[in-house]
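Asker: Residue-level listing of the chains:
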Amino acid sequence: MRFLARRGIFYVLTAWAAITINFLIPRLMPGNPVEAQMAHHQGQLTFQETKALDVAFGIGLHQGFWSEYLQYWNNVVHLNFGLSFTYFPTPVSTVIAHSLPWTIILVGLSVIIAWVLGTILGIVAGWRRGSSWDLTLPAGAFFRGIPTFWIGLIAVSIFGVRLGWVPVSGGYSTNVVPSWTWAFIGSALHHSILPALTIILGSIAGNVLGMRNMMVSTLTEDFVLVGEAKGLPGHRVMFRYAARNAILPSVVGFALELGFVVSGALLVEQVYSYPGIGYVLFQAVGSEDYPLMQAIFLIITLAVLLANILADVVFVIIDPRTRQGAIT
Amino acid sequence: MSDLLIDFTGDAVETDAPRRAMWLRSPKTVVGLSVFGAFVVIAIFGPLLAPYDPTATSGDVLAHPSAAHLLGTTSEGQDVLSQILVGARESMLVGIVAAVIGESLAIAVGITAGYLGGMADEALSTVTNIFLVIPVLPLEIVLSAYLVNSGWIAITLIISLTAWPWGARTLRAQTLSIRKRDYIDAAKVAGDRTWRIVLFEVLPNESAIIVTGFLFQILFAILVQTGLAFLGIGNVETWSWGSMLYFAQNSDAFLSGAWWWYVPPGLCVALVGMGLALTNLGIDEIINPKLRVYKNDKKHRRWIPFVRSQPVGDQFEGATP
Chain A
1 MRFLARRGIF YVLTAWAAIT INFLIPRLMP GNPVEAQMAH HQGQLTFQET KALDVAFGIG
61 LHQGFWSEYL QYWNNVVHLN FGLSFTYFPT PVSTVIAHSL PWTIILVGLS VIIAWVLGTI
121 LGIVAGWRRG SSWDLTLPAG AFFRGIPTFW IGLIAVSIFG VRLGWVPVSG GYSTNVVPSW
181 TWAFIGSALH HSILPALTII LGSIAGNVLG MRNMMVSTLT EDFVLVGEAK GLPGHRVMFR
241 YAARNAILPS VVGFALELGF VVSGALLVEQ VYSYPGIGYV LFQAVGSEDY PLMQAIFLII
301 TLAVLLANIL ADVVFVIIDP RTRQGAIT
Chain B
1 MSDLLIDFTG DAVETDAPRR AMWLRSPKTV VGLSVFGAFV VIAIFGPLLA PYDPTATSGD
61 VLAHPSAAHL LGTTSEGQDV LSQILVGARE SMLVGIVAAV IGESLAIAVG ITAGYLGGMA
121 DEALSTVTNI FLVIPVLPLE IVLSAYLVNS GWIAITLIIS LTAWPWGART LRAQTLSIRK
181 RDYIDAAKVA GDRTWRIVLF EVLPNESAII VTGFLFQILF AILVQTGLAF LGIGNVETWS
241 WGSMLYFAQN SDAFLSGAWW WYVPPGLCVA LVGMGLALTN LGIDEIINPK LRVYKNDKKH
301 RRWIPFVRSQ PVGDQFEGAT P
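So the protein sequences, as listed, match chains A and B.
Counting with the working numbering, you get residues 1 to 328 for the letters of the first sequence.
Counting with the working numbering, you get residues 1 to 321 for the letters of the second sequence.
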């Protein structure tokens, strides 16, 4: 319980830090984004648009730092992020609400599949060390260095353009409307196969390498030797004795690398023009839509935090030491 | 101990040889460093080797690889090979400079936290973990969106600002364990100042971790820079592998099947990354004997600790009948 309490405090601190960083960035950066926007549009901004910038940054209010900070918190709590420029005059929160589910389903599922597959491959590669399975090391090193989005580009040109097996862009066909019908779900699945495979291929190598090396270290422990000496079948020693202990750092690593993996996945959305939050983020960059950009940074950070909390709960379930207060 | 003994016999040459060879003993490290070194050479001499001006356009549009253009041309008739050679410099420079800054930050934060302990450790570890959880790319995009057209230095600083937490975390853990060892107590009793203990007792014993952290940060920085440039963030007016992919994407090279344009830049990033990752795998095996696997030990591979702890040499030969 102490473990969970400590982690809880940490997550509250991180959420506070992310929101505060978001508040500070426009203030610390050289130049005033409101003025930059006005110069960019050559005074063509409507009153509403100026107001949107004020809400997003609280800059035009001239109320002093603390008052603006409180105002900003008030906006965040009410999910009031102002109006988006890219999709004017849609509120930023609506734009995010439409794109976030796509990302959570695509990226969430792909990352979990990559972790499960990678861990299993790592267990086998560690168990069969010294055999041809050691080729996973150079292969993993190669895949780790590949930019995930580049895998996507290659996959699009081979399977999308040359072979024409799968659609090259979008989240669903133009002839279906988003709804809970089989036609739509089928179309969405069809469109998400290639992006999902790309994310899996891009993030699996780290899991395999980490798990393989933990397995190899664990296999030198005495309790593995005891298991062998007792004459237990190989698979029992492999899974119950070695893998069960080697998997703990892998769960922690999963949580820690999530921020990096999600970053790579967002770029994949751009490659496939997938209607998720990454694609919207890059649209926002293109049109200098600061309110949308900053709100998306905040939402993605909070989503990754939530995933970390889930990983912690899993950790508590699989590691009894956390429940007895040995790990705090 | 063995160093001392052999020194007394005056056989110093033989002790030096295996020591120097330790870094070269792992084929992974040798291959990895060679690949990485080759790209460092390209980054230094690339612009001199480039057969054409990478920006110069020509009528030879989207030409397949040929003798005149070894890697073909872009949609504006620019030579792809020249772009790769010239672009290597910015990609590698951003990677290495960002890693130097990032690893310095990691050393400062990680060792301070681990060595001081107490409240300082709590505070620094919390900051480290917060930066570890925040997704890097959205943060970098938000930061760089405010720094339009500010060149590679701004991008490098932004990348190093997000790259350090991993290294700081491992260094803190290692410092925590080193701090409790006897020789640190001995140095304290001898009256050494804290800065001297940290610089001469703690730091040298973490050199392997610092090197792997540094190499990992180069890989991280090159990947991030390529991703940002691919999105057109930062400066796409200078050549880098990322900006090549940006122009390829914007000219629909993927739809027109101009593979010679978009395959080489990504492959270069992947090869540099593989070189760095292989080197790190090799170093991991050097510093962690548990990870060493002996090739011809297939039959006994599950018994490695047992086999290795058996007496070596012939001191028992007389005892066996």
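Worth flagging that the hints you see were computed from the coordinates, not collected in a lab.
Note that the structure is a prediction, hence the values are computed from the model and not measured.
Be a bit skeptical, because a hint or two may be false.
Stated by the list, open to error - Covered by chain B, per the in silico footprint, the following chain A stretches (three or more residues, Cβ under 8 angstroms):
(1) 96-102
(2) 176-183
Claimed, not checked - Residues of chain A placed beyond 12 angstroms of chain B at every Cβ, according to the derived structure:
(3) Arg2
(4) Glu68
(5) Ile105
(6) Leu153
(7) Gly170
(8) Arg244
(9) Val271
(10) Arg321
(11) Thr322
Heads up, the beta-carbon is just placed ideally off N, CA and C, and yes, glycines get one too.
Asker: Are the hints correct? Go through all of them and say.
Answerer: Evaluation of the provided hints:
By the rule of at least three residues with a Cβ nearer than 8 angstroms to a Cβ of chain B, the coverage given for the stretch 96-102 of chain A is violated, with 0 such residues. Residues of the stretch 176-183 of chain A lying with their CB closer than 8 angstroms to a CB of chain B number 0, which falls below the three-residue condition for coverage. For A/Arg2, the non-interface assignment is confirmed: its Cβ lies about 15 angstroms from the closest Cβ of chain B, beyond the 12 angstroms cut-off. Look at A/Glu68: its CB is around 18 angstroms from the nearest CB on chain B, clear of 12 angstroms, so calling it non-interface holds up.
The non-interface label for A/Ile105 is consistent with chain B: the shortest C-beta to C-beta separation is roughly 18 angstroms, beyond 12 angstroms. For A/Leu153, the requirement that its beta carbon stay farther than 12 angstroms from each beta carbon of chain B is not met, with the minimum near 6 angstroms. No beta-carbon of chain B is positioned within 12 angstroms of the beta-carbon of A/Gly170; the least distance is around 14 angstroms. Every Cβ of chain B is farther than 12 angstroms from the Cβ of A/Arg244; the closest lies at roughly 17 angstroms, confirming the non-interface assignment.
In this structure A/Val271 is not separated from chain B by more than 12 angstroms, as the shortest Cβ-Cβ distance comes to only about 8 angstroms. Once the 12 angstroms rule is applied to beta carbons, A/Arg321 is consistent with being away from chain B; the minimum gap is 17 angstroms. For A/Thr322, the requirement that its beta carbon stay farther than 12 angstroms from each beta carbon of chain B is met, with the minimum near 17 angstroms.
Hint check: violations occur at hints 1, 2, 6, 9; the rest are consistent with the structure.
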